[in-house]
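There are 2 protein chains.
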Amino acid sequence: MNQIDLMRELHISSDKKIVLLVMDGLGGLPGSDGKTELEAAKTPNMDSLASDSILGLSTPIAPGVTPGSGPGHLALFGYDPLEYQIGRGVLEALGVGLGLDPKSLAARGNFCSLDPATHVITDRRAGRISTEECARLVNKLKSIKIDDVDIIIRPVKDYRFALILSSDGLVGSLTETDPQRTGVKPLPVKPLRKEAEKSAEIINEWIGKAFEILKDERPANGCTLRGIAKDPGLPSFSDVYGLKSCAIATYPMYKGIARLAGMEVVEAGDTIQSEVETLKDNWEDYDFFFFHVKKTDSAGEDGDFDRKVTVIEETDRAIPGILALKPDVFIITGDHSTPAALKSHSWHELPILFYANNIRKDSVAEFGERACMQGGLGHIRHLDIMPLAMAYAERLTKYGA
Amino acid sequence: MNQIDLMRELHISSDKKIVLLVMDGLGGLPGSDGKTELEAAKTPNMDSLASDSILGLSTPIAPGVTPGSGPGHLALFGYDPLEYQIGRGVLEALGVGLGLDPKSLAARGNFCSLDPATHVITDRRAGRISTEECARLVNKLKSIKIDDVDIIIRPVKDYRFALILSSDGLVGSLTETDPQRTGVKPLPVKPLRKEAEKSAEIINEWIGKAFEILKDERPANGCTLRGIAKDPGLPSFSDVYGLKSCAIATYPMYKGIARLAGMEVVEAGDTIQSEVETLKDNWEDYDFFFFHVKKTDSAGEDGDFDRKVTVIEETDRAIPGILALKPDVFIITGDHSTPAALKSHSWHELPILFYANNIRKDSVAEFGERACMQGGLGHIRHLDIMPLAMAYAERLTKYGA
Chain A
22 MNQIDLMREL HISSDKKIVL LVMDGLGGLP GSDGKTELEA AKTPNMDSLA SDSILGLSTP
82 IAPGVTPGSG PGHLALFGYD PLEYQIGRGV LEALGVGLGL DPKSLAARGN FCSLDPATHV
142 ITDRRAGRIS TEECARLVNK LKSIKIDDVD IIIRPVKDYR FALILSSDGL VGSLTETDPQ
202 RTGVKPLPVK PLRKEAEKSA EIINEWIGKA FEILKDERPA NGCTLRGIAK DPGLPSFSDV
262 YGLKSCAIAT YPMYKGIARL AGMEVVEAGD TIQSEVETLK DNWEDYDFFF FHVKKTDSAG
322 EDGDFDRKVT VIEETDRAIP GILALKPDVF IITGDHSTPA ALKSHSWHEL PILFYANNIR
382 KDSVAEFGER ACMQGGLGHI RHLDIMPLAM AYAERLTKYG A
Chain B
22 MNQIDLMREL HISSDKKIVL LVMDGLGGLP GSDGKTELEA AKTPNMDSLA SDSILGLSTP
82 IAPGVTPGSG PGHLALFGYD PLEYQIGRGV LEALGVGLGL DPKSLAARGN FCSLDPATHV
142 ITDRRAGRIS TEECARLVNK LKSIKIDDVD IIIRPVKDYR FALILSSDGL VGSLTETDPQ
202 RTGVKPLPVK PLRKEAEKSA EIINEWIGKA FEILKDERPA NGCTLRGIAK DPGLPSFSDV
262 YGLKSCAIAT YPMYKGIARL AGMEVVEAGD TIQSEVETLK DNWEDYDFFF FHVKKTDSAG
322 EDGDFDRKVT VIEETDRAIP GILALKPDVF IITGDHSTPA ALKSHSWHEL PILFYANNIR
382 KDSVAEFGER ACMQGGLGHI RHLDIMPLAM AYAERLTKYG A
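Protein chains in written order, with the numbering used here: chain A, 22 to 422; chain B, 22 to 422.
Do not rely on the hints blindly, as some may be mistaken.
Note that identical chains are pooled: a pair holds if it fits in a single copy or bridges any two copies.
Claimed, not checked - Derived SDA-like pairs (lysine to any residue); straight-line CA-CA distance at most 20 Å:
1. K178 - Q294
2. K364 - I380
3. K265 - D306
4. K382 - M394
5. K124 - K347
6. K206 - D325
7. K178 - G397
Don't read these hints as lab results, they were simulated from the structure.
Computed from a prediction, not measured in an experiment: that's the story for all the values here.
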């Protein structure tokens with residue numbers, strides 16, 4: 022029996038509430054003074070909480086594997102990211118706030134430059150055109166019509182756009198059109214199984230019309246489509262865990278991933294403080310709160326150690342407001358590491374803290390990567406987090422007689 | 022290759038003996054002075070042994086999952102409890118000392134009260150009738166005959182009884198008759214697959230006859246059947262591990278589970294001391310001894326912290342007698358946690374101690390939950406215990422060239 026089925030079978034009702042605080046890209050690497058971002062940050066509230074908690078380190082997907090944002094969050098929510106996959110097109114659509122229904126196929130689009138004579142790609146990113154130029158071109162592409170297909174297209178950033186086609190019978194087993202190198206033509210979309218033939222035809226029809234519209238543009242006189250995919254059809258949080266779940270996030274992509282898992286997404290403003298207010302306002306209405314802090318990751322991606330420290334400290338100041346609500350289970354961790362030293366996501370384990378009744382407190386009195394190495398939780402996987410949260414919330418019955 | 026197949030392939034013979042001491046429900050939670058039952062207990066012998074051992078914490082099934090007695094022991098014996106399942110009816114039969122053969126279907130029965138006019142259930146437990154009344158009713162039900170079917174029925178406790186039907190072709194894919202609420206009639210048994218149709222007919226015939234016999238009784242004028250199941254067909258210990266195995270236990274259910282795994286069950290009296298004597302008496306005849314202490318769990322279930330401490334201390338006094346036999350591998354752990362604070366089984370990890378040659382001694386000098394957080398074994402699963410025991414007993418050959 023897999024974990025999803027097990028949770029579906031064992032969950033029972035309870036009035037206990039769970040808060041999962043995810044600092045995106047939390048895990049770090051030592052800076053010049055030998056401390057990670059989290060260790061360097063002044064976090065009196067998290068450290069105090071650590072003394073009353075059980076801590077450890079958690080591997081997002083598998084040792085050595087660096088997660089994208091999608092897989093990192095799927096694992097946090099208890100969906101094995103090696104089994105459930107969110108296509109790049111779906112993530113891109115979610116990232117600009119587009120919803121998907123079961124009839125929708127989503128793709129990530131890249132404007133590119135083609136040689137006018139031979140149609141081979143000369144620049145896969147069309148000279149990284151501005152977001153404004155992208156918006157102007159997307160506006161022109163909105164004129165494309167295909168019989169019985171609803172089409173939504175939205176600029177993302179620079180040369181990137183999101184495309185959603187909705188129609189009966191669309192299937193997501195399709196190849197990409199980006200050949201991943203210059204000097205060759207964009208590829209046609211091909212079906213990977215027979216049922217996807219009609220879907221391939223429709224997308225190729227859209228591409229043909231787009232090329233016609235773009236042909237006199239410079240530098241963006243073509244485009245490629247990647248990650249053409251449908252909603253992964255995740256079993257819903259309420260079905261799997263029996264939890265009425267609320268997502269508090271400031272960035273569209275994380276709201277979108279939460280929505281895929283069947284959480285309700287509430288308007289949470291732009292700041293950690295507005296997110297705490299949102300948590301308070303919605304406290305009575307939900308059992309589970311996914312509380313997402315984005316800017317730790319952004320700072321890490323920018324290689325800005327000090328800014329990441331500042332965001333962690335800002336989050337620490339939000340802790341008393343969360344604890345004042347008396348969550349029965351409070352978990353602090355991240356979806357993946359984003360060490361400023363690497364300027365990118367990484368595979369390193371995440372520090373994790375479980376605060377709840379019925380824990381065995383360990384001797385760790387600081388929330389930090391190296392302190393967590395001595396934690397009583399040991400080394401867990403992100404997939405273990407939801408079952409443990411459910412157990413501490415007294416929301417799982419016994420397995421077997 | 023799964024673990025059972027791996028063990029079957031790799032085991033070799035040796036004269037090394039293994040003792041697995043299982044204190045049922047051993048794991049605990051801190052009491053008023055911040056110590057768990059095991060930490061509060063005076064265990065000079067286990068602590069001394071800890072100094073010469075390697076220790077850690079073990080998860081019975083999966084993080085957050087609370088095991089019943091069946092799954093907890095299956096995991097200890099190396100059978101994945103998510104793959105092998107012991108039906109409730111089988112456990113109930115084992116619990117009153119009934120054996121099962123491959124032709125047997127076992128069910129747990131509950132006497133219930135029915136409205137005499139409408140036959141809807143008015144009390145699912147018949148007012149919790151006494152064990153004596155249960156025995157009187159069971160005695161009446163012994164008169165039921167069905168062609169070509171051997172029937173055994175035995176009172177368990179209060180309103181519960183165990184029923185075993187044996188015949189050729191019986192199949193265990195059957196629904197239960199308990200609707201789990203009052204105000205509705207007991208359900209008929211239905212087959213979950215075609216092969217079980219005849220089995221459903223036979224059980225429904227038994228139920229019809231039982232209702233006829235019970236109809237003038239009060240309050241127990243009906244009954245329901247749950248967990249109708251066959252022996253799970255575990256691969257035997259001798260086949261998987263090449264071990265001649267002996268179960269030393271005082272309670273029928275644990276003897277029964279051991280018997281399902283193909284162990285020989287010897288008469289062990291009622292006390293820990295009589296179990297130690299039994300171990301001595303049988304020492305020469307077996308390779309593996311499953312030594313089960315029940316009363317730690319009973320005390321935990323009763324919420325009696327001090328009594329659980331007392332049972333642990335009594336077990337500690339038995340350690341020198343076990344060590345005097347010079348077991349080559351001696352393991353101390355539990356099947357699951359039963360913290361007195363929760364008065365029930367729980368998901369918490371079990372402290373575990375491995376004493377053997379060729380171990381790497383760690384720095385832990387106390388057998389307790391928090392001390393074991395620092396143990397050299399780290400965090401393992403119960404499924405890992407038998408392969409490690411086999412290895413330390415020099416009973417596994419190399420895998421691959």
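Hint check:
In the homo-oligomer, the alpha carbons of K178 and Q294 never lie at most 20 Å apart, since the shortest distance is 27 Å inside one protomer and 58 Å across protomers. For the homomeric pair K364 and I380, the shortest alpha-carbon distance between copies (15 Å) is at most 20 Å, but the shortest distance inside one copy (36 Å) is not. When the C-alpha separation of K265 and D306 is checked against a cutoff of 20 Å, the pair qualifies only within one copy, where the shortest distance is 8 Å, while the shortest distance between copies is 57 Å. Taking the shortest alpha-carbon separations for K382 and M394, both the intra-copy value of 15 Å and the inter-copy value of 10 Å come in at or below 20 Å.
Taking identical chains as interchangeable, the C-alpha atoms of K124 and K347 are never at most 20 Å apart, the minima being 41 Å within one chain and 55 Å between chains. Taking CA atoms no more than 20 Å apart as the test, K206 paired with D325 passes in neither setting, with 39 Å inside one copy and 68 Å between copies. In this homomeric assembly, K178 and G397 never come within 20 Å of each other (Cα to Cα): the closest approach is 44 Å inside a single copy and 40 Å across copies.
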